[in-house]
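Participant: The lines below spell out each chain.
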Amino acid sequence: MTRKVRFKAVHYGATAVALSLFVFASGCKKKVPPPPPPPPPAATTPAAPSAKPTIDSFTVEPSTIQKGQSAVLRWSVTDATDISIDHGVGPVQSNGQRQIYPTDTTTYTLSATGPGGTSTRDVTITVTGAEAPPPPAPVTSESVTDMINNDVHDAYYDYDKSDIRDDARAVLTSDADVLKKVFQKDATVNVMVEGHCDERGSAEYNLALGDRRATAAKDFLVQLGVPADRLKTISYGKERPQCTDATEECYQRNRRAHFSVAQ
Amino acid sequence: MKKTIFACLVSGLLALPAAAQVNEIKIVGNGQIAMAVPDFRGAGGAQSYMTAFNSALFEALQNSGQFRMVPKTMMPLQVPQQPMDLKPAPTPTTKGSGNYLSDWSSPPANANYLAFGYTAEKDEQFVLYGWLYDVTRQDMTSAQIIGKVYFGPLSDDGAKKVARDFAADILAIFGGKGLVGTKIYFVSDRTGHKEIWSMDYDGSNQKEFTHYGSITTFPIISPDGTKLAFLTYARGIPDIFIHSLETGRKLPFYNPRASMNAPSDFMPDSQHLLLYSSAGGGYSQIYLADLDGGNLKRISNSRSSDVEAKVNPKTGADLVFVSGRSGLPQIYAMSIDGINVRRLTDGVGEAVNPAWSPDGKHIAFAWTRGYEPGNYNIFIMDVATREFTQLTHGAGRNENPVWAPDGVHLVYSSKRGRATEIFTMRADGTGQQQLTTVGDNMKPVWSKASN
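Each protein sequence line maps, in turn, to chains S and U.
Those letters in the first sequence? Residues 1 to 263, per our numbering, in order.
Those letters in the second sequence? Residues 1 to 451, per our numbering, in order.
Simulated from the structure, these hints should not be mistaken for laboratory data.
Every residue, glycine too, gets a C-beta built ideally from N, C-alpha and C.
Where hints are given, some of them may not hold.
From chain U, some residues computed to sit far from chain S (all C-beta separations above 10 angstroms) [claimed, not checked]: (1) P107; (2) N110; (3) D157; (4) T217; (5) S305; (6) S335; (7) A366; (8) A384.
Dumping the calculated DSBU-like pairs for lysine-lysine here, alpha-carbon to alpha-carbon at most 35 angstroms [unchecked claim]: (9) K122/U to K232/S; (10) K122/U to K148/U; (11) K161/S to K415/U; (12) K161/S to K361/U; (13) K232/S to K297/U; (14) K161/S to K148/U.
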């Protein structure tokens, strides 16, 4: 078999063969063996330049978790002597994995440093359910107590009467709508319908008259669909006036059905 | 012809006694006994308390309504201080200066009885040596009715106590129900909350009885003086509580299931309670119950507010009460069974707060007749004839009149200006006396003497 001799300079070899043949052809004299061809030059490895570390892969699995769950970071790095990951993972080997328990959405950065420089790569894990608590409801949205105290208005009565007047009819109709909303919003709150009187009659008779006024207001609301078992009644007679002047205006203010949260 | 007779018959049947106003109703009890009570004098340190003593003694006997008090200006000049100061007259017509019994029994004094004596200081006590003599006797030895020594602290209050003890012994002789020892229970807000308070018949010894820190009012007392019932919001709703006046403690009372329960009156046996309640589901109606609230029985039957039923203390058989069945509240009468309902007041204004006299013949009540709504005066009405008399004539509020056990006096509240205070007066409107001064005080009831 013919040895293939690889020379970088193949043309030298061809020239040597050509020379030796020439010498042979020129005279068959006693021949002096031709000098051996010069050895081919040594095949030296060329000097390689320094290369930056290679982050072959850097992943997190799964990439989205719920708060309280865990995930696994995986990485593979070449040409690096120092490899580290932030957010508390720390220095690591070239290849590896680590279980993590992030409480919030976090971006992890892998830094690989070697003679050739530093390479970095990021990976982000999303944590759901870890958002900040929602802000308080805007001021325009009323609590049930506010609705009862501010939006359920008093109904007024004539002297010595518990009849529902036309103006009271309108007020109680609006009150019924508010109360229905209140009771839908809150399954447990009850509303007290209070009956009051002005100071002129006797306390004893006014206790009964106040009771009539509370009952009349409740009956009217129930007819409009407000649930009866959520409305309580009480008479305060003339024991809890909201004003004490001896004027018609104050007397009328006291002849009322008033609404409050039932304790 | 027939028609006319029929019409006459019908009108005759319908003719009720008209409610007429009369100028005076004689309420006064046995006012025929003439009692002479001169001023007593005190020896030594006792003298400084004699103003208090003498006015307390005179008023206690006068307020009982049992006597015609001899005016002091009609009395003989020489006032005996002990029995040896009195002698029998040599002859029936001999005039002395007060040293003969006959000086007292003849004109101008015309007394039947003489209370006399003196006081002294002894062992740091106020001591009374008191006598009651029948001055109509010819024979001195049978004239003495009372001869007794009384002791008390050396002070104005002690002198008043001794005077009242002496007056009580005198009144006991005549079987009269004096005021000494009786108590008035009432509502006061002077602590910042309406509570039930008590005081003596003359306004002394005012003491807080309930301490619920709520709205507590409408007191009533049992005839035997052992129980107090009232209305309170202490449990959040208007409810009836009963307390023993002997122990002060709350007694069990099962309120009807209702939005409103209020005490009305104890029955004469002190074992049952009238109340008014919305238990029927609509209007306030009159009910009767046992002392613990059991055996609830409905009495009234109207589609209106019926309140304040008061039972005749003599018969226990009929009630007066307040009802709105004809419009503004008026006073009605009916039997304890709820039948025979009739209206007593004539429909003018508002008539409320009825109270029976101890003899079961009259009621006192508050009426706005002749005044604006809210301006009440005290009236008295003969229940059988419906004749009435106006006792107060002010433009303020005069309410909740209640009779004293003596059948002569009334206690009531009156708002003259900013505050409401408690007053007593005789049932003819005279002798008004203010008993309270602090805070608003109202709704008095009078209990008999306890012993």
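Participant: Against each hint, give a clear statement of whether it holds in the structure.
Facilitator: Taking the hints in turn, this is what the structure says about them:
| no. | hint | in the structure |
| --- | --- | --- |
| 1 | P107 | holds, 50 angstroms |
| 2 | N110 | holds, 46 angstroms |
| 3 | D157 | holds, 34 angstroms |
| 4 | T217 | violated, 7 angstroms |
| 5 | S305 | violated, 4 angstroms |
| 6 | S335 | holds, 22 angstroms |
| 7 | A366 | violated, 7 angstroms |
| 8 | A384 | holds, 25 angstroms |
| 9 | K122/U to K232/S | violated, 67 angstroms |
| 10 | K122/U to K148/U | holds, 15 angstroms |
| 11 | K161/S to K415/U | holds, 25 angstroms |
| 12 | K161/S to K361/U | holds, 33 angstroms |
| 13 | K232/S to K297/U | holds, 25 angstroms |
| 14 | K161/S to K148/U | violated, 63 angstroms |
Checked against the numbered hints above, the structure breaks hints 4, 5, 7, 9, 14 and satisfies the rest.
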